[in-house]
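Visitor: So the chains spell out like this:
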Amino acid sequence: MEDNPHPPKRRRFFAQSSPSPPPEESDPVLLSTPQREIHSYAPIEEPSSDAPIFADPDEDVEPNAVSDGHIEEDEDAIDIQALGIRLDAVIFESFVGEKLPVDVLKQLDDVSGGDLQRAINMYLDGSWREVKESASKISRNQSPFTSLFGQNGKRKTPTDPGLGPSAPTPSSDEETAQRLDKMPAERYIGSFGAEGWATRSGRDLLKHGEEVFIERQQPQQTQKMVRRGKGKAVAVVPQPTSKRKDIVVRFSNSKGDEIGRLQHETAQFVSTLLDQKICVFKAVCVYAPDVLRTNETIYLQLNCYMLRQTFNPRAIRMVDSNRSTGLFEAKETEEEKALRLRQTSLVKLFNEIKLYPTSAGQDSKAKREGLLQVAEMAEEKEKEDAARGGSTPIKDEEEQQEGKELEQDQLDQLYKKAQTFDFNSPEAEPADTFAMDLRKYQKQALHWMLNKERDKKNEGQDESMHPLWEEYTWPVKDENDRELPIVENQEKFYVNPYSGELSLKFPVQEQNCLGGILADEMGLGKTIEMLSLVHSNRIEPEISADSGSKPLSLPRLPKNSDVVEPAPYTTLVVAPMSLLSQWASEAEAASKPGSLKTMIYYGADKSLDLRAQCSVANAHNAPNVIITSYGVVLSEFTQIANSANGSRGSSGGLFSVQFFRIILDEAHNIKNRQSKTAKACYELDAIHRWVLTGTPIVNRLEDLFSLVRFLRVEPWSNFAFWRTFITVPFESKDFLRALDVVQTVLEPLVMRRTKDMKQPDGTPLVFLPPKTIILEEIELSKAERAVYDFIYMYVKRSFAENMEAGSVMKSYTTIFAQILRLRQSCCHPTLVRKKEIVADEVEAEAAEADAKGLTDNMDLQALIDKFTSQENDKGEVNNYNAHVLQQIKEEAENECPICSNEPIEEMTVTACFHMACKKCLLSLIEYAKNKNEQARCFSCREPIHEKELYEVVKHEKENIPAAFQADASAEPEFSLRRIAAGKSSAKIDALITNLKRLRRENPGMKSVVFSQFTSFISLIEPALARERIQYVRFDGAMSQQQRSAVLGKFKTHVGGIVLLISLKAGGVGLNLTEAKRVFMMDPWWSFAVESQAIDRIHRMGQTEEVVVHRFIVKGSVEERMVHKIQERKKFIASSLGMMSAEEKRAQRIEDIKDLLS
Amino acid sequence: MALPKRIIKETERLVAEPVPGIQAVPHEDNLRYFDVSIHGPTQSPYEGGVFKLELFLPEDYPMTPPKIRFLTKIYHPNIDRLGRICLDVLKANWSPALQIRTILLSIQALLGAPNPDDPLANDVAQRWKEDEPGAIATAREWTQTYATS
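As you go down the protein sequences, you meet chains A and B in turn.
Note that my numbering has the first sequence beginning at 1, numbered continuously upward.
Note that my numbering has the second sequence beginning at 1158, numbered continuously upward.
Because the hints were derived from the structure by calculation, they are not lab data.
Among these hints, one or two may not hold up.
What the hints assert, rightly or not - Below, a list of computed lysine to aspartate or glutamate pairs in the EDC-like style, where the Cα atoms sit at most 16 Å apart:
#1 B/1248 x A/933
#2 A/1049 x A/1035
#3 B/1162 x A/895
#4 A/919 x A/989
#5 A/929 x B/1217
#6 A/931 x B/1217
#7 B/1166 x A/895
#8 B/1162 x A/902
#9 A/996 x A/905
#10 A/443 x A/427
#11 B/1162 x A/905
#12 B/1166 x A/902
Build out the structure end to end from the sequences listed, making use of the hints.
Guide: This is the structure in structure tokens:
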């Protein structure tokens, strides 16, 4: 009730300025209005600013701008916020500062319904006269409490039939103001019964039907004005840590004597509603004992009136662009807290008065419960935090900042809604300069994108209500079932239960972002779809300008270097470096010759001044597409940021122009909103903004925020807003609501189709040949096993020690590093061992071999020659040897004498020239070793040694065209190679075996080998070289040119070739459909990452079956990673994992335990 | 555990190209277990007899030799009362290049050429050395008694 002075004042303000109503704040041009308001009515708002969310920050700035009237109040009430109600003529007069005639007092009393406060205000603003006039036209009841509805008399409703809540013209500031103007200062919304308890005793203090005044005792105001940075004085709600929030709500009888307090539950929300000036309560005593004793219960009926001010949209915008410095605060700010209180209180109130939305997004009851729950949780959390004190604040903050990770299933759910794709949605034909045929769904995407780009704000499509809002109908009868005066054209009001915002205006779902998120799954052709858009929606330079006024077409430098020049013909593509050339080549392939000028803006190529290049004046030479990398964007951004003036224009770079369109490819690169790259991308200027990503959310909801921020989707691009509606509910476990909101954010922005989507006729969206994944178990050799076991024991011990000491989480990274070593040792022991030792071993072996007259790589022909020349000396034996070699040469398909395989796999010859499979011979030696016996040749029982085994290496000459192979020299060349020299790891052996088999069975087939460890790739390289297997390597350390050269070679090479590629560098974006075989050398924690890598090959354009081999070392952490952790990640995904931070930690420890079990 | 390719191939070949005088049939429920019968070589005390053996291919086969035992009672210096056979290729001289077929041939050859200097059944070997005709007679007798049906 203390806020009573406000509405009448405001009303007066409107009355005065109704010809030019106050504009809505959202209009950027009129942002200065708050200043104006301060002088008109802010003084009165000032004392009430203990509700910061209402207060426009600018209003808080100037405590000096206090008007006379305010000072009067100030003096009287001592405290600026003390607007205490004293129902007393004396007080009234002392307030007003003058003696009043009795009739005026009487009138005022009538008009204000006996409410002193209102009376004072009305007197001060003069509205009481007005009311009197209009009120006299309405018959009024004499009952003391119905006189309350004297207010209704003020509902003089200017008739304006053109406007109605059902058919509002959105974004009309005038209309909003008018609407607001029409609304009475207070409007009845409902009533509810409440209990209170007496704080005093006495006789006849209160009787049935007597009017009761509800008031808020002022909390300790002195502490509440807090100085903030920039000299702003902001009133804050008392710190939760200092004391529990004061929520006492007292009530007094008509004489102004305090009778009692409201019951706790009621007081809780009533206090907030009063403090934040959302409504006023007028109460009537329903029952009170004649003789009242302290603590006795009094029954009241509370009639609630919404204040007009509440509906003022200006008051609601709690976050302004000028607050951006504080955007990234992780903790709930005071504003956010006040907002939360407001939101909860409103919801509680609506529950009490049984007001339900006439129209809302979904089951509003459940929603309400959810809201209340969230609020409670937030409170609890707050208490917890406070209780925990200062011991863990840093950690907590960190976690909050990080945002919780999403479980897979939650992601699935999100996407499920986002990808309810209508297969009958309209299609659009691309422009005829586009040279490719689009599939149906791609045409649909084009249509959607064209629509998004052309979607201007006032395109008269049917407006849907903003999904966060609910529609309510004003009650038409009062608590006594009497008709309430009707306010014309205001049957409804709107509430946003998420923010506590109220509005009289129909909240339209705004859609002013002229772009969106194209989130089709990999392989559906996002690039092509985007290129079709580039072709189909572009501004053609005016021909007349070209032919007629020649001077205009000459490029010239803009005069002012600080101004951002428009580049209306240019689309900027920002992509990871590895994809630049792919974009360029696809752009070329998709365009009719000469129809699209493409430019890669990277490295040395970027010396150009884009301002001149892309300006309107240079229309005919301006590039249509500029392709650049995230790195370039970042470096230009830091350059500008570090330059003295920080002006965008001076550099002539990406930031100096406003592009027609920006496309961020693989946009999850900016998923971290705090990363410099993300910030740099936000600063890029363009009319249309698009992001392409197969994974708009990688693992936390904040990932999506960054995209939304880039797209500049209001209001979600504001992190505080985002946090309030998405992060906080999500963190407080209200997943469904958070995800629900995210869905409403996503829905208009995102187009997402997946590969396994089925068209209505049941055919899949994209036909892909089958994919087979083979899990290959690898047995480590004894030496490898020893290395592995050693590390394993070490890690296990250290983990156990940490478990005991309880420092597992602290040394989490160390443990993980150790597990990394363990995983590396599965790949190749030398990844862990010191390089020098290995080198030494190799040398020693080589020396030994030299002594025996055998070099590492003997040419077979030379060997044969050698033996035939010795024929005379050694007779038959050597003859036989020569025969064996001859046999090999003739490629006789011998059967392995040990495993009966035909032909012998990886033919290996002993020193005594007996031939078997490599693995059979090795296992024979291994077997003997285990029994401490000397291994003997299976055939002649000569002692054999691992070091004296020779593998037959066939050198295929694939590059020679068949025509030339007829002559004798074309027979494959052979050589013998000592196995020990090429001794690699079990995994490399398995890879080689597979590649050789592939070469034998499918000559010319290309394959891709993925590993996480580039050092491992470096070890695979020599192994391939030894086998004379063609290969190329692609990793993150390569320059852009090198990368495209490598990919070019892989694609154009005739015949079989292997692409060695690091999982990180090549896991995304690349198109490797030339390959048909994939080898995953090591498992990743979640299969999704591997799967994405596999999809580089198994994607649109793949024509044959793809076979994937995953190498897993048997009985190792790898096996456990695949079978336990990857499996579990799938499992959790299906059970809607609702895990707290603690549970998560426990889970991580569980992960490690699993690995080490 | 799946049967190694080698065992399958050997079995197929034993069926397809049987060795004269030797039969080896795998059990249906255990393909590593064979019922073997060997005909006594001509001009030996075991001529006319058909000797039953059991043969088992252990897990490590062919790294380890098969396990073979006579089921039919036989009087032979290198075969004991339990039917165990003393043969170098079944022990130290085993090589993975040897096969069921070759081993069975070796056993058949052993029947034709007993080697009392490397005995397993000491009493039989002793008698073979001291009274070879008597021993041979006993061997014949046993063959008649146990190895003919």
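Visitor: Decide, hint by hint, whether the structure agrees.
Guide: Each hint, compared with the structure:
Between residue 1248 of chain B and residue 933 of chain A the alpha-carbon distance is near 13 Å, which keeps this suggested pair within the 16 Å criterion. For the suggested pair residue 1049 of chain A and residue 1035 of chain A, the alpha carbons sit about 15 Å apart, so the restraint of at most 16 Å is met. Restraint check: the Cα-Cα separation between residue 1162 of chain B and residue 895 of chain A comes to about 12 Å, which is no more than 16 Å; the hinted pair holds. Straight-line distance between C-alpha atoms of residue 919 of chain A and residue 989 of chain A comes to about 10 Å, which keeps the hinted pair within the 16 Å bound.
For the suggested pair residue 929 of chain A and residue 1217 of chain B, the alpha carbons sit about 14 Å apart, so the restraint of at most 16 Å is met. At roughly 13 Å between alpha-carbon atoms, residue 931 of chain A and residue 1217 of chain B fall within 16 Å of each other, so this suggested pair holds. Annotation: proposed proximity of residue 1166 of chain B to residue 895 of chain A holds, straight-line Cα distance about 11 Å (limit 16 Å). Distance hint between residue 1162 of chain B and residue 902 of chain A is fulfilled; the C-alpha atoms sit about 10 Å from each other, no more than 16 Å.
Restraint check: the Cα-Cα separation between residue 996 of chain A and residue 905 of chain A comes to about 9 Å, which is no more than 16 Å; the hinted pair holds. With a C-alpha separation of about 5 Å, the suggested pair residue 443 of chain A and residue 427 of chain A falls inside the 16 Å cut-off, and the hint holds. Using a Cα cut-off of 16 Å, the hinted pair residue 1162 of chain B and residue 905 of chain A holds, with the two alpha carbons roughly 14 Å apart. Of the pairs offered as hints, the one joining residue 1166 of chain B and residue 902 of chain A holds, with about 11 Å between alpha carbons and a cut-off of 16 Å not exceeded.
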